[in-house]
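J.: Chain by chain, the residues run as shown.
There are 2 protein chains.
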Amino acid sequence: MELADLRARTDTVLNDFLAAKARTAAACRWPDEVTGALRDFLFAGGKRIRPLLCVLGWHAAGGQGSPPAPVLATAASLEMFHTFALIHDDIMDGSDIRRGQPTVHQALAARYTARHGAHAADRLGAGAAVLIGDLALAWSDELLHTAGLSDAQLADVLPLLDAMRTEVMYGQYLDLTAAGLPTGDLELAMAIARYKTAKYSVERPLHIGAALAAGSARLRADLSAYALPVGEAFQLRDDLLGAFGAPEITGKPALDDIRQGKHTALLALAWRHATPAQQHQMNALLSDPDMNLEGALIIRSILIATGARDTVESMITARRTQAEQALARAGLPPAVATALRELATTATARAA
Amino acid sequence: MELADLRARTDTVLNDFLAAKARTAAACRWPDEVTGALRDFLFAGGKRIRPLLCVLGWHAAGGQGSPPAPVLATAASLEMFHTFALIHDDIMDGSDIRRGQPTVHQALAARYTARHGAHAADRLGAGAAVLIGDLALAWSDELLHTAGLSDAQLADVLPLLDAMRTEVMYGQYLDLTAAGLPTGDLELAMAIARYKTAKYSVERPLHIGAALAAGSARLRADLSAYALPVGEAFQLRDDLLGAFGAPEITGKPALDDIRQGKHTALLALAWRHATPAQQHQMNALLSDPDMNLEGALIIRSILIATGARDTVESMITARRTQAEQALARAGLPPAVATALRELATTATARAA
Numbered sequence: 001m002e003l004a005d006l007r008a009r010t011d012t013v014l015n016d017f018l019a020a021k022a023r024t025a026a027a028c029r030w031p032d033e034v035t036g037a038l039r040d041f042l043f044a045g046g047k048r049i050r051p052l053l054c055v056l057g058w059h060a061a062g063g064q065g066s067p068p069a070p071v072l073a074t075a076a077s078l079e080m081f082h083t084f085a086l087i088h089d090d091i092m093d094g095s096d097i098r099r100g101q102p103t104v105h106q107a108l109a110a111r112y113t114a115r116h117g118a119h120a121a122d123r124l125g126a127g128a129a130v131l132i133g134d135l136a137l138a139w140s141d142e143l144l145h146t147a148g149l150s151d152a153q154l155a156d157v158l159p160l161l162d163a164m165r166t167e168v169m170y171g172q173y174l175d176l177t178a179a180g181l182p183t184g185d186l187e188l189a190m191a192i193a194r195y196k197t198a199k200y201s202v203e204r205p206l207h208i209g210a211a212l213a214a215g216s217a218r219l220r221a222d223l224s225a226y227a228l229p230v231g232e233a234f235q236l237r238d239d240l241l242g243a244f245g246a247p248e249i250t251g252k253p254a255l256d257d258i259r260q261g262k263h264t265a266l267l268a269l270a271w272r273h274a275t276p277a278q279q280h281q282m283n284a285l286l287s288d289p290d291m292n293l294e295g296a297l298i299i300r301s302i303l304i305a306t307g308a309r310d311t312v313e314s315m316i317t318a319r320r321t322q323a324e325q326a327l328a329r330a331g332l333p334p335a336v337a338t339a340l341r342e343l344a345t346t347a348t349a350r351a352a
Numbered sequence: 001m002e003l004a005d006l007r008a009r010t011d012t013v014l015n016d017f018l019a020a021k022a023r024t025a026a027a028c029r030w031p032d033e034v035t036g037a038l039r040d041f042l043f044a045g046g047k048r049i050r051p052l053l054c055v056l057g058w059h060a061a062g063g064q065g066s067p068p069a070p071v072l073a074t075a076a077s078l079e080m081f082h083t084f085a086l087i088h089d090d091i092m093d094g095s096d097i098r099r100g101q102p103t104v105h106q107a108l109a110a111r112y113t114a115r116h117g118a119h120a121a122d123r124l125g126a127g128a129a130v131l132i133g134d135l136a137l138a139w140s141d142e143l144l145h146t147a148g149l150s151d152a153q154l155a156d157v158l159p160l161l162d163a164m165r166t167e168v169m170y171g172q173y174l175d176l177t178a179a180g181l182p183t184g185d186l187e188l189a190m191a192i193a194r195y196k197t198a199k200y201s202v203e204r205p206l207h208i209g210a211a212l213a214a215g216s217a218r219l220r221a222d223l224s225a226y227a228l229p230v231g232e233a234f235q236l237r238d239d240l241l242g243a244f245g246a247p248e249i250t251g252k253p254a255l256d257d258i259r260q261g262k263h264t265a266l267l268a269l270a271w272r273h274a275t276p277a278q279q280h281q282m283n284a285l286l287s288d289p290d291m292n293l294e295g296a297l298i299i300r301s302i303l304i305a306t307g308a309r310d311t312v313e314s315m316i317t318a319r320r321t322q323a324e325q326a327l328a329r330a331g332l333p334p335a336v337a338t339a340l341r342e343l344a345t346t347a348t349a350r351a352a
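So the sequences go chain by chain: A and B. 1 is the number of the first residue of the first sequence in UniProt numbering; add one for each residue after it. 1 is the number of the first residue of the second sequence in UniProt numbering; add one for each residue after it.
One thing to keep in mind: the hints can contain errors.
Stated by the list, open to error - Some, not all, of what chain A presents toward chain B, calculated at C-beta under 8 Å:
1) Phe-43
2) His-88
3) Met-92
4) Thr-113
5) Ala-114
6) Arg-115
7) Ala-120
8) Asp-122
9) Val-130
10) Asp-134
11) Leu-158
12) Arg-165
13) Thr-166
14) Gln-172
15) Leu-181
16) Pro-289
Said to hold, decoys possible - Subject to a maximum C-alpha distance of 16 Å in a straight line, what follows is the list of computed EDC-like cross-link-like pairs (lysine to aspartate or glutamate):
17) B:Lys-47 - B:Asp-16
18) B:Lys-21 - A:Glu-342
19) B:Lys-47 - B:Glu-2
20) A:Lys-21 - B:Asp-5
21) A:Lys-47 - A:Glu-313
22) A:Lys-21 - A:Asp-32
Rather than coming from a laboratory, the hints here were simulated on the basis of the structure. This one's a predicted model, so the numbers in the text were calculated from it and none came from an experiment. Note that CB positions come from ideal geometry on N, CA and C, so glycine has one too.
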């Protein structure tokens, strides 16, 4: 199974779909910046983890050889959905940079500044990005129901897709509303990681792929036993990168998560072991949306001093071990097991 | 065909669906304010025009008697989609009041003010409302594909639904990006009215309903000949109400559209017949997001002095006549024709 090849084929599906949408827009004299912004964002980068896992799930359930068009289109629809999720996420978090480029709302705001002035352009950019995200969500459905799936495949996939969409949106909701209020609530932080990342980015794509090859409930459970610890480890690594990662590698500004006061396991653990004086600092700094670099560096030092950083590293190791044991038990096709093992490594040891 | 009865049955479908989602949320320990906000918004009002038109389309194509559950669920899914559209629309327009109540983002902001402070609460309210709108969009799909439609019905409905979603989002995009820059571009204003309102609110719901009873291409064309002029007239009336309507009847603040500098036919016509001095005032006032009441009243006076208000009234009358002639030609079932004729009257003569 060639990873680069799979990525190229998924991107071709996405590119062809957007090209057709661009032709429709031209015919209706609709602004071309809508499909343009989606294309710019999609092809600026992204790991295509969800399409890859979807195809791996299909192989795990017995899908042989090169994935057929309906499987690829389903994989592509997961990436289009993810595009929607990231565009809206960046608006809600007020993020300026993603994939080393201006986020969609920032790029659109810049586009409108000349005609509308800076103040109006920011509102316009956010509004236009909300709409472009909405279109990406609607188009992820269109990609799925025009994928050429059989009625049986659709009947198996749709409930999983409904669950995935509801889970990730509640996960985002918890993530959004918990930010800025530091507490030691590790359970909440791990629930956010589970719904926002582990289930959405790892478990459900595998499940959906397996459903395309009529995978059994047993297989689904085996995939979950691997996916949930890997997904949690992936998020825990993301939390560490958000606080300690190098911007030139992550493609995001340094300390972004800290500035946004995200309620991560890293922060919850730090809070639990912080002195009253440190808790006081965390309260003051993390509730300030305009926290400066100095403040972020103070938080970073508390994350280290309290041992939270080390604890999160060991949580990642434990989950990676757990996932490898689950893989060993599962008895998946060797090629799939190898790919999932590699993915567990890169996802938990990655620097970006 | 009992209108009140149809509305009650659609609302029961929506209420039962949200109740099931609330049970899932409780079981997962997800915040109950998500389904709560949707229920509050849905049942605070709304004309349920799209569900009604969907059922009328089904009757027009030969659907007999009381609409069966799959037709009602499809009608309900259109209302859930509309809930998504209004929630995001109010965020983009910065509207505070809808259906005589605080908009969803305002209600959520108020909810968070105590814990997060006013500044953070506004951002949080907007972000949470974006997510709740996203869920309403995803759930409108779930309502449709769990409606119990036959594969043939789904195959006919899905392309129409895809078209509807793409059209309304581009219409909103044009509406958003044209605001604040007064011009005499009447074509643009009418394109916005067509995509944002006429096709989305009238034509597509009729088409989707007709597709549920395997309506012919000929019927679809007949319905369009009625729907497009009625939908345009509906939007033109909405524009007049946005500038001249009584807030206690419209449920929206007076002069809301004017304050937002919406590029309506009303405004385009005023611009075309405005003196240079009036155009100068329009430029200065309509580009100001913080236009005060005095400024809005000046714009209102220009809408009257230029004759734009009268011209829009006559455009409404012309479209209503056109729609009635189309109905007379169409030879629809008498009960359907009567209901559509009444709808054309209320939609174009309404005060709210």
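J.: It remains to establish, for every hint, whether it holds in the given structure.
T.: Verification of the hints:
Given the 8 Å rule on beta carbons, the hint for Phe-43 of chain A is violated: about 21 Å separates it from the nearest Cβ of chain B. The criterion of a C-beta within 8 Å of any C-beta in chain B is met by His-88 of chain A, whose closest approach is roughly 6 Å, and the hint holds. For Met-92 of chain A, the suggested interface contact is upheld, since its CB lies about 4 Å from the closest CB of chain B, less than 8 Å. For Thr-113 of chain A, the suggested interface contact is broken, since its CB lies about 13 Å from the closest CB of chain B, more than 8 Å.
The interface hint given for Ala-114 of chain A is broken, as the beta carbon of that residue sits about 12 Å from the closest beta carbon of chain B, more than 8 Å. Because the beta carbon of Arg-115 of chain A sits about 7 Å from the nearest beta carbon in chain B, less than 8 Å, this interface hint is met. This hint holds: Ala-120 of chain A has a C-beta 6 Å from the nearest C-beta of chain B, less than the 8 Å allowed. Of the supplied interface hints, the one on Asp-122 of chain A is violated, with its beta-carbon coming no nearer than about 11 Å to a beta-carbon of chain B, more than 8 Å.
Among the interface hints, the one on Val-130 of chain A holds; its C-beta lies about 6 Å from the nearest C-beta in chain B, closer than the 8 Å criterion. Interface restraint check: Asp-134 of chain A against chain B, minimum CB-CB distance 6 Å, threshold 8 Å, status holds. Annotation: interface hint on Leu-158 of chain A holds; nearest CB of chain B at approximately 5 Å, less than 8 Å. Interface hint at Arg-165 of chain A: satisfied, since its Cβ lies 4 Å from the closest Cβ of chain B, which is below the 8 Å cut-off.
For Thr-166 of chain A, the suggested interface contact is upheld, since its CB lies about 7 Å from the closest CB of chain B, less than 8 Å. Here the hint on Gln-172 of chain A is kept, as its CB sits about 6 Å from the closest CB of chain B, short of 8 Å. At about 7 Å, the closest approach between the beta carbon of Leu-181 of chain A and any beta carbon in chain B falls short of 8 Å, and the interface hint on this residue holds. The interface hint given for Pro-289 of chain A is met, as the beta carbon of that residue sits about 6 Å from the closest beta carbon of chain B, less than 8 Å.
Restraint check: the Cα-Cα separation between Lys-47 of chain B and Asp-16 of chain B comes to about 19 Å, which exceeds 16 Å; the hinted pair is violated. Only pairs whose Cα atoms come within 16 Å are accepted, and Lys-21 of chain B paired with Glu-342 of chain A is rejected, the gap being roughly 37 Å. For the given pair, Lys-47 of chain B sits about 14 Å from Glu-2 of chain B by alpha-carbon distance, which is consistent with the 16 Å threshold. For the hint linking Lys-21 of chain A to Asp-5 of chain B, the alpha-carbon distance of about 40 Å lies beyond 16 Å, and the restraint is violated.
Annotation: proposed proximity of Lys-47 of chain A to Glu-313 of chain A is violated, straight-line Cα distance about 22 Å (limit 16 Å). Restraint check for Lys-21 of chain A and Asp-32 of chain A: the C-alpha separation of about 10 Å stays at or below 16 Å, so the hint holds.
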